[in-house]
Amino acid sequence: MNYLNMNEKKLLPVVLELNILLADYNIYYQKLRGFHWNILGKNFFDLHVKFEELYNDAKVKIDEIAERVLTLQHHPVSQFKEYIKMASIEEITPLMKDVEMVEELLGDHKKLLTQMRVILRHANESEDEGTIDLIGAYIRELEKSSWMLNAWSKNTSDHLDTSMISQA
1 MNYLNMNEKK
11 LLPVVLELNI
21 LLADYNIYYQ
31 KLRGFHWNIL
41 GKNFFDLHVK
51 FEELYNDAKV
61 KIDEIAERVL
71 TLQHHPVSQF
81 KEYIKMASIE
91 EITPLMKDVE
101 MVEELLGDHK
111 KLLTQMRVIL
121 RHANESEDEG
131 TIDLIGAYIR
141 ELEKSSWMLN
151 AWSKNTSDHL
161 DTSMISQA
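With UniProt numbering, the residue at position 129 of the sequence shown is 129, and numbering never jumps.
Please keep in mind that the hints were generated in silico from the structure rather than gathered at the bench.
Don't take each hint at face value.
In silico lysine-lysine, BS3-like type, Cα no more than 25 Å apart, as pairs [unchecked claim]:
{"#": "1", "residue 1": "K59", "residue 2": "K111"}
{"#": "2", "residue 1": "K154", "residue 2": "K110"}
{"#": "3", "residue 1": "K10", "residue 2": "K111"}
Each pair of labels, with its calculated beta carbon distance range [claimed, not checked]:
{"#": "4", "residue 1": "K85", "residue 2": "I165", "range": "41 to 49 Å"}
{"#": "5", "residue 1": "G41", "residue 2": "K10", "range": "44 to 52 Å"}
{"#": "6", "residue 1": "L16", "residue 2": "K110", "range": "37 to 45 Å"}
{"#": "7", "residue 1": "H75", "residue 2": "G41", "range": "39 to 47 Å"}
{"#": "8", "residue 1": "K10", "residue 2": "Q167", "range": "23 to 31 Å"}
{"#": "9", "residue 1": "E64", "residue 2": "E127", "range": "15 to 23 Å"}
{"#": "10", "residue 1": "L4", "residue 2": "G136", "range": "17 to 25 Å"}
{"#": "11", "residue 1": "K110", "residue 2": "E67", "range": "19 to 27 Å"}
{"#": "12", "residue 1": "N38", "residue 2": "L106", "range": "16 to 24 Å"}
{"#": "13", "residue 1": "N155", "residue 2": "G107", "range": "18 to 26 Å"}
{"#": "14", "residue 1": "A151", "residue 2": "E127", "range": "36 to 44 Å"}
{"#": "15", "residue 1": "L95", "residue 2": "R140", "range": "43 to 51 Å"}
Note that beta-carbon positions come from the ideal geometry of N, C-alpha and C, so glycine has one too.
Just need the whole structure built from these sequences, with the hints factored in.
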């Protein structure tokens with residue numbers, strides 16, 4: 001039964017791309033867990049807490065993405081071997097310096113944001129407002145997390161673009 005009142009053929013690309021995002025988020029989640037467990041150094045307290053916050057958020061998103069696939073009347077991918085094949089985010093060793101961990105996560109955020117925008121294009125084409133709403137919120141939240149991680153990685157003497165501010 002098509003209780004969604006949407007074109008099922010137009011939804012197939014949305015479902016495919018949601019499953020890729022699900023794969024990406026599962027690899028990202030595990031990477032965050034590894035970073036959380038293995039962080040060392042003077043930034044331990046800050047990053048240990050931040051990584052936990054990020055992986056708890058990722059855990060919720062994993063469930064929501066899978067449930068969106070189910071809502072669209074398809075099965076979500078649920079095997080880790082499939083996630084590894086599908087994901088653009090790669091497994092890596094968590095044994096690295098704090099700055100490298102943050103750089104790695106910012107790179108993953110770029111990949112997640114790229115995938116989310118692919119989903120939005122397909123969701124727009126299929127008039128899938130539910131997916132558009134879900135992914136739009138994810139983009140806003142991930143952009144904010146990226147800004148914060150990027151700010152953490154800067155020196156206190158660094159500046160953002162000041163071209164829009166009067167220097168008088």
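Here's how the hints hold up against the structure:
1. K59 <-> K111: holds (18 Å)
2. K154 <-> K110: holds (18 Å)
3. K10 <-> K111: holds (24 Å)
4. K85 <-> I165: 41 to 49 Å: holds (47 Å)
5. G41 <-> K10: 44 to 52 Å: At roughly 50 Å between Cβ atoms, K10 and G41 fall inside 44 to 52 Å, so the hint holds.
6. L16 <-> K110: 37 to 45 Å: violated (21 Å)
7. H75 <-> G41: 39 to 47 Å: For G41 against H75, whose Cβ atoms are near 43 Å apart, the range 39 to 47 Å holds.
8. K10 <-> Q167: 23 to 31 Å: At 51 Å between Cβs, range violated.
9. E64 <-> E127: 15 to 23 Å: This hint holds: roughly 20 Å between Cβ atoms.
10. L4 <-> G136: 17 to 25 Å: Since L4 and G136 have Cβ atoms about 19 Å apart, the given range 17 to 25 Å holds.
11. K110 <-> E67: 19 to 27 Å: holds (25 Å)
12. N38 <-> L106: 16 to 24 Å: Distance hint for N38, L106 holds at roughly 18 Å.
13. N155 <-> G107: 18 to 26 Å: holds (20 Å)
14. A151 <-> E127: 36 to 44 Å: holds (37 Å)
15. L95 <-> R140: 43 to 51 Å: This hint is violated: roughly 32 Å between Cβ atoms.
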